[in-house]
Structure formats: C-alpha cells, structure tokens
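Undergrad: Protein sequences appear in the order of chains A and B. The first sequence maps to residues 1 to 377 in our numbering. The second sequence maps to residues 1 to 252 in our numbering.
Just so you know, these hints were derived from the structure itself, not from any lab. Computed from a predicted model, the values in this text were never measured in an experiment. Don't be surprised by glycine CBs; every beta carbon is placed ideally from N, CA and C. Be aware that a few hints might be false.
Simulated crosslink set (SDA-like; lysine to any residue; CA at most 25 Å straight-line) [claimed, not checked]: (1) B/K90 with A/F349; (2) A/K343 with B/G203; (3) A/K365 with B/K36; (4) B/K112 with A/G346; (5) B/K90 with A/E373; (6) A/K365 with B/M196; (7) A/K365 with B/G111; (8) A/K343 with B/R199; (9) A/K57 with A/D254; (10) A/K365 with B/E39; (11) A/K365 with B/Y205; (12) A/K207 with A/G230; (13) B/K191 with A/Q326; (14) B/K112 with A/V255; (15) A/K343 with A/S359; (16) B/K112 with A/V375; (17) A/K340 with B/A195; (18) A/K343 with B/D92; (19) B/K112 with A/G230; (20) A/K340 with B/S66; (21) A/K365 with B/K90; (22) A/K365 with B/R199.
Restraint-style ranges between C-beta atoms, simulated for each label pair [stated by the list, open to error]: (23) A/G346 with B/A52: 38 to 46 Å; (24) B/R199 with A/R70: 20 to 28 Å; (25) A/N220 with B/R35: 56 to 64 Å; (26) A/G346 with B/G50: 45 to 53 Å; (27) B/R35 with A/Q292: 50 to 58 Å; (28) A/E139 with B/Q100: 51 to 59 Å; (29) B/N108 with A/G114: 48 to 56 Å.
Below are the chains, spelled out letter by letter.
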Amino acid sequence: MSKELVKKFMEIRVENVIRLKEMKEKGGKIVGYYCTFFPQELALAAGAVPVGLCGTKEEPIAAAEETLPRNLCALIKSSYGFAVTDKCPFFNFSDLIVGETTCDGKKKMFEFMGEFKPVHVMQLPYMKESKAALDLWVEELRRLRSRLESELDVTISDEAIWQAIDVINRESVAAKALCDLNQQEPPALSGMDLLTVIWSRGFNIDKEEIIEMLNELRENLGSGGDVAAGQPRVLITGCPIGLGSEKVVQLVEDVGGTVVALENCTGYKILPLQTDTSFDDPVVALAHKYLQIPCSCMTPNTGRIKLLTSMAADFKADVIIDLTWQACHTYNMESREIAKLAKRIGLPFLQLETDYSASDMENLKVRIEAILEMVEK
Amino acid sequence: MIAVGLDIGSLAAKGILLDGERQFRVIIPTGWSPRKAGEQLLDSLREQAGGAEDIRIVVTGYGRVSYQGADQAVTEISCHARGVVALLPKTDTIVDIGGQDSKVIRLNDAGKVIDFVMNDKCAAGTGRFLEVTANALGIDVDDLAASEDVSQEAAISSMCTVFAESEIIGLLASGVAKGSIIAGLHRSVGKRVAAMVRRLGVGEYIAFTGGVALNRGICRALSEELGRPVQVTDFCQFTGALGAALLAKDLG
Ligand code: SF4
Ligand code: SF4
Numbered sequence: 001m002s003k004e005l006v007k008k009f010m011e012i013r014v015e016n017v018i019r020l021k022e023m024k025e026k027g028g029k030i031v032g033y034y035c036t037f038f039p040q041e042l043a044l045a046a047g048a049v050p051v052g053l054c055g056t057k058e059e060p061i062a063a064a065e066e067t068l069p070r071n072l073c074a075l076i077k078s079s080y081g082f083a084v085t086d087k088c089p090f091f092n093f094s095d096l097i098v099g100e101t102t103c104d105g106k107k108k109m110f111e112f113m114g115e116f117k118p119v120h121v122m123q124l125p126y127m128k129e130s131k132a133a134l135d136l137w138v139e140e141l142r143r144l145r146s147r148l149e150s151e152l153d154v155t156i157s158d159e160a161i162w163q164a165i166d167v168i169n170r171e172s173v174a175a176k177a178l179c180d181l182n183q184q185e186p187p188a189l190s191g192m193d194l195l196t197v198i199w200s201r202g203f204n205i206d207k208e209e210i211i212e213m214l215n216e217l218r219e220n221l222g223s224g225g226d227v228a229a230g231q232p233r234v235l236i237t238g239c240p241i242g243l244g245s246e247k248v249v250q251l252v253e254d255v256g257g258t259v260v261a262l263e264n265c266t267g268y269k270i271l272p273l274q275t276d277t278s279f280d281d282p283v284v285a286l287a288h289k290y291l292q293i294p295c296s297c298m299t300p301n302t303g304r305i306k307l308l309t310s311m312a313a314d315f316k317a318d319v320i321i322d323l324t325w326q327a328c329h330t331y332n333m334e335s336r337e338i339a340k341l342a343k344r345i346g347l348p349f350l351q352l353e354t355d356y357s358a359s360d361m362e363n364l365k366v367r368i369e370a371i372l373e374m375v376e377k
Numbered sequence: 001m002i003a004v005g006l007d008i009g010s011l012a013a014k015g016i017l018l019d020g021e022r023q024f025r026v027i028i029p030t031g032w033s034p035r036k037a038g039e040q041l042l043d044s045l046r047e048q049a050g051g052a053e054d055i056r057i058v059v060t061g062y063g064r065v066s067y068q069g070a071d072q073a074v075t076e077i078s079c080h081a082r083g084v085v086a087l088l089p090k091t092d093t094i095v096d097i098g099g100q101d102s103k104v105i106r107l108n109d110a111g112k113v114i115d116f117v118m119n120d121k122c123a124a125g126t127g128r129f130l131e132v133t134a135n136a137l138g139i140d141v142d143d144l145a146a147s148e149d150v151s152q153e154a155a156i157s158s159m160c161t162v163f164a165e166s167e168i169i170g171l172l173a174s175g176v177a178k179g180s181i182i183a184g185l186h187r188s189v190g191k192r193v194a195a196m197v198r199r200l201g202v203g204e205y206i207a208f209t210g211g212v213a214l215n216r217g218i219c220r221a222l223s224e225e226l227g228r229p230v231q232v233t234d235f236c237q238f239t240g241a242l243g244a245a246l247l248a249k250d251l252g
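Based on the provided sequences and hints, a complete structural model is requested.
TA: Structure follows, in structure tokens:
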C-alpha cells in the first residue's frame with residue numbers, strides 16, 4: 001500500500017503539467033521559483049500557483065555551458081539550461097520567475113534569464129542577526145508583493161497572506177511528521193522514497209491536496225515500511241538534491257546503507273520552521289521565518305550546526321555525508337564546520353564533492369563503502 | 001582453512017594466500033579484464049600452494065565489483081588498514097599511492113579506520129602522473145628514483161598531469177638536466193600528498209604503501225615535507241591483498 005502511495009508522488013510532476021496547462025487556459029497564474037527562500041505564501045495570497053522549478057538534471061547542462069562558464073555549480077547550469085532551451089514546461093508556464101541573491105553564480109544567472117523571461121530578484125541579506133538585515137528583508141518582501149500585484153494584476157490583502165501562512169504552516173507540519181517517521185529503526189522510508197516524496201511535492205498545484213497525501217502516507221507507514229533493519233543509518237547534508245541529482249543517495253543505498261534523513265534544502269532544512277502568527281503584520285512575520293533558513297549563504301550559519309546536531313541524535317545517525325556540488329564555495333567551505341561537528345559527536349564523516357555526471361561513480365562508491373565499513377553494526 | 005586476499009587495482013593485480021604459516025604471493029598486470037585478472041591470480045596461488053581446498057576469498061581494489069568469485073568484497077581503505085596494522089602495528093597514518101588514486105587513512109590505537117581522504121577525479125600525485133611524466137622524459141618509471149639529482153631540484157609548478165607534461169618538455173627544451181627535473185617531480189608529488197595528510201592531521205607513525213612507495217625519491221620528498229620518517233616495507237604493493245587475506249581468515 002505505501003509503495004503505491006509513494007508512486008502517486010512520483011507521478012505528481014507528469015500529472016501536474018496537464019493540470020497547470022488547463023489552469024493556464026482558464027487564466028490561472030503561475031509563479032516559478034528555485035530556492036527555499038522564496039516566500040510561497042505571497043504567491044498563494046495573490047491567487048497564483050507557486051511551482052518549484054527544475055535544476056536537478058544533467059541533461060540541459062551542455063546547452064547552458066554555451067553561455068555560462070563551465071566551472072559553475074551544476075544546479076545553476078541545469079536551471080539555466082532548462083530555461084534557455086525551454087525544455088521545462090513548468091518554466092514555460094510561469095508568468096513570473098522569482099530568484100534570490102543567494103550566491104554569486106545565481107545572481108548573475110538571473111540577470112541572463114531576465115533577457116528572455118520576466119524575472120524578479122530579491123536581495124537576500126547574509127547576516128541575519130542584524131536589525132538592518134531584517135529591515136532589508138521585510139522591504140524585499142514588500143517589493144515582491146507589489147511586483148506580484150502589478151505582474152498578475154491583483155491586490156494582495158493581509159487577510160489572504162494570513163490564510164496562505166496557515167496553509168504553508170500546516171504543509172510543513174505534515175511533511176516534517178512524515179520525515180520524522182524515519183527516526184525509527186528500521187526507518188519507514190528508504191532515502192530514495194523519502195527524496196521522491198519530499199522533492200515531488202513542490203510540483204503539486206494544490207496545497208490542501210498535498211497535505212492530505214502526506215498525511216495519508218504517514219498514517220499508512222505508521223506500522224512500518226519495507227526497509228531492512230540493521231543497515232548503517234546515513235544523514236545527508238549539503239547542497240540541494242532532487243530527482244536527477246540523486247546519485248549519492250542512490251549509491252549509499254546500493255552499497256548497503258540507508259539514508260534516514262536529508263538535511264538539504266529539498267529535505268528537512270526548512271520543515272521545522274513555522275511562521276509566527278502573533279505578529280501584526282504578516283509580511284514581517286514571513287520575514288522572520290525565512291531569515292531563519294540555515295543556508296550556507298548566511299554568515300555565520302550556526303543554525304545548520306544546531307539543526308544537524310539535533311537531527312543526528314533524533315534520527316540516530318551512524319554516519320554524516322556532506323554533499324558539495326563542485327564550485328559551490330559556501331557549502332564547500334562550510335564542510336569544515338560539519339567535520340568538526342561530526343568529530344564532536346563521534347560520527348564518521350565524509351564530504352563528497354561532485355557534479356551531476358556519472359564520471360566519478362566508482363570513486364564515490366569506494367568512499368561511501370569505506371565510510372559504511374567504519375560503522376560497527 | 002585457507003585464506004586468500006585479492007587486490008585488483010587499475011594497473012596491477014596482487015594476490016596473497018595464507019595457509020597456516022605458509023604464505024604465497026603473486027602480482028600480475030591487471031590488463032583489460034579485472035575479472036580475468038582475479039581468476040588468474042587465484043589459479044597461480046593455488047598452483048604455488050600445491051592445490052587448495054576450503055578457501056575463503058576477500059577481494060578489494062577497483063576490480064572488486066566485477067570479480068564474482070569472492071566470499072566478500074571490501075574497500076581498499078579497510079583492507080589497507082588491516083594489512084598495515086599487521087606489518088607495522090604502531091602505524092596511525094597510512095599514505096597509499098596507487099595507479100589511479102592516492103589516499104590517506106588515519107587509524108586509532110586499535111588499528112581501526114577513523115578518517116580518510118582520497119583524491120577525486122584528478123590524477124595528480126598518483127602512479128599515473130608519474131608514468132606520464134616519466135614518459136615525457138623518455139625514462140622508465142622504475143628508473144626515476146635512481147636518476148634524480150637532488151642537488152639541483154627544478155621547480156615544477158603544475159600538478160595537473162597534462163600541464164606537467166608540457167612543463168617538463170619546456171624545461172628540457174631550455175636545457176635543464178633530467179636529474180633535476182626528476183627531483184622536482186618527486187618534490188611536487190611529495191608536496192601534494194603531504195597536503196592531503198595535513199588535512200587529516202599528521203600522525204606519529206606514517207606508513208607509505210602502494211606501488212609508488214617503491215620510489216625512494218618520493219619517500220624522501222614525502223618524509224621531508226612531513227618532517228617525519230615514513231615507513232616502507234618490501235611488502236608495500238601487497239598491503240591491500242594482505243589485509244584482504246586477513247579479513248578472509250576472519251570469515252572462518
Ligand atoms: S541551499 Fe540555500 S541557496 Fe540553495 S536552494 Fe537552499 S536555501 Fe536556496
Ligand atoms: S548549490 Fe551553492 S553554488 Fe549552487 S546554487 Fe546553491 S548556493 Fe549557489
């Protein structure tokens with residue numbers, strides 16, 4: 001039964017292309033985004049559908065490299081490649097693309113993208129503790145609100161934002177509760193299934209429906225899934241992973257480990273965050289929430305260490321693997337901090353620096369196998 | 001029970017057979033088929049031992065995936081650790097340079113692996129790097145150490161195999177002696193590998209294994225760079241196979 005429910009998530013992308021097309025024909029609006037810093041709530045409040053866009057496949061990278069430098073992170077090249085070749089229907093349908101100045105490569109890539117698509121870029125502050133950072137981010141959210149209003153020809157009421165906040169808060173609770181099932185031994189879901197579910201949900205146009213699907217799967221798995229007991233439990237962190245760039249998750253599970261949790265963006269990173277509804281102004285409430293995202297573009301990024309410390313304990317991790325896409329400087333450098341953390345809590349640690357291609361599979365495999373051999377089970 | 005360890009590397013395949021106090025070893029070029037190389041190793045070990053029944057086999061090295069005849073496949077990292085501990089029990093740091101990759105392994109007091117690093121895609125500081133550069137010099141890799149001239153070390157800045165090759169050709173053209181270039185090459189490999197060791201922290205007892213450890217010039221450069229002696233046994237090429245054989249013995 002749960003296998004079939006996971007399959008339903010796998011079908012989301014294909015099914016929702018059709019649904020989006022129908023919706024567009026009836027005048028519906030779509031806002032495309034790439035990163036978890038995008039406040040989905042504002043798009044929902046504008047009556048539009050927010051969709052996460054693809055940047056996790058190898059296939060359009062060659063086309064992107066005609067314009068972008070080769071030594072750029074695969075995620076940026078893939079995102080741009082899909083856009084410029086118009087191979088991603090979700091991109092094609094989008095009325096507006098929203099990006100953030102999370103890293104240098106992305107910020108320049110969005111400039112290029114703006115040459116053939118309406119793109120709105122939000123300026124993200126990097127030192128979230130300062131008052132100026134919060135002020136700037138509130139201002140940026142307001143600027144996005146006006147842009148959405150003018151681009152989509154609507155007015156966004158505070159009331160509508162509060163409603164959207166409630167929906168996304170509930171969606172995060174549902175997704176987190178599902179992920180948390182993997183705290184048990186054996187875990188409820190394999191890492192590949194977990195990734196499929198959590199990543200695919202971003203393509204669904206109906207949030208209430210996705211909440212139901214998540215809850216249904218969770219209830220079904222309550223009595224346990226089909227993952228074998230006794231395998232080394234791996235916690236993965238680092239750059240975003242999606243279907244198409246799952247090679248490290250797949251390799252871990254091919255050589256006899258099980259990925260119990262993904263701290264990455266497409267996984268757990270943002271799920272524990274809830275928008276505080278006691279603020280007077282919903283935009284200020286949203287700004288507070290999104291600034292808490294423990295992404296490596298922040299300095300210092302102590303939130304990631306805190307989150308990983310509790311995840312390692314909660315998910316009873318035996319090993320931590322930190323995945324870095326080549327040329328992602330912030331995650332690459334932050335790996336040093338993760339190594340220190342692993343040492344402190346006494347877990348074997350491995351950083352893997354790679355890209356989407358299959359050329360280094362053998363090398364990665366040896367390293368993953370060796371780190372699993374270090375776990376005494 | 002007879003224990004066999006097979007280490008099928010990218011360039012050379014090594015095998016060890018342990019039968020009580022008796023020990024046999026064999027080394028052959030891997031060739032194009034790692035599976036065939038494994039079979040060949042086993043045949044020749046069997047022959048040396050005058051037949052063998054009740055065998056346990058552990059396979060390691062990059063050929064471990066394609067060789068099907070083993071009881072267990074274990075990574076080079078674990079096998080090297082096991083082999084080194086048997087040969088040099090005090091070791092806490094292993095530097096292994098093979099044909100295609102180089103790695104550093106840290107061990108705790110019990111000889112257990114606690115951390116390791118491996119070079120990724122690039123061939124810098126591997127046996128392959130030496131082979132290509134020796135070629136550019138028109139010298140056999142095995143003769144590199146004997147031909148170096150440490151009194152006049154040339155500076156080699158490129159660690160990329162392709163660039164180093166052209167750098168060497170440039171140096172030769174401008175009249176720098178081969179011996180100096182070789183000394184420079186050894187130095188650059190030593191530097192590169194020492195940097196890898198430092199990532200994990202330099203230990204007290206460093207063992208150097210893998211085919212490249214046979215090159216005295218690199219041993220010297222590495223130990224100078226690390227400021228500590230590095231231990232090399234005559235067995236250095238067989239460390240992985242020995243570890244595999246000992247793990248096979250554990251299988252009972
Ligand atoms: S890792 Fe950071 S920049 Fe990348 S998607 Fe996540 S939040 Fe955005
Ligand atoms: S993985 Fe790193 S380099 Fe790539 S988009 Fe995210 S933050 Fe930027």
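Undergrad: Which numbered hints turn out to be false for this structure?
TA: 11, 12, 15, 20, 21 and 25
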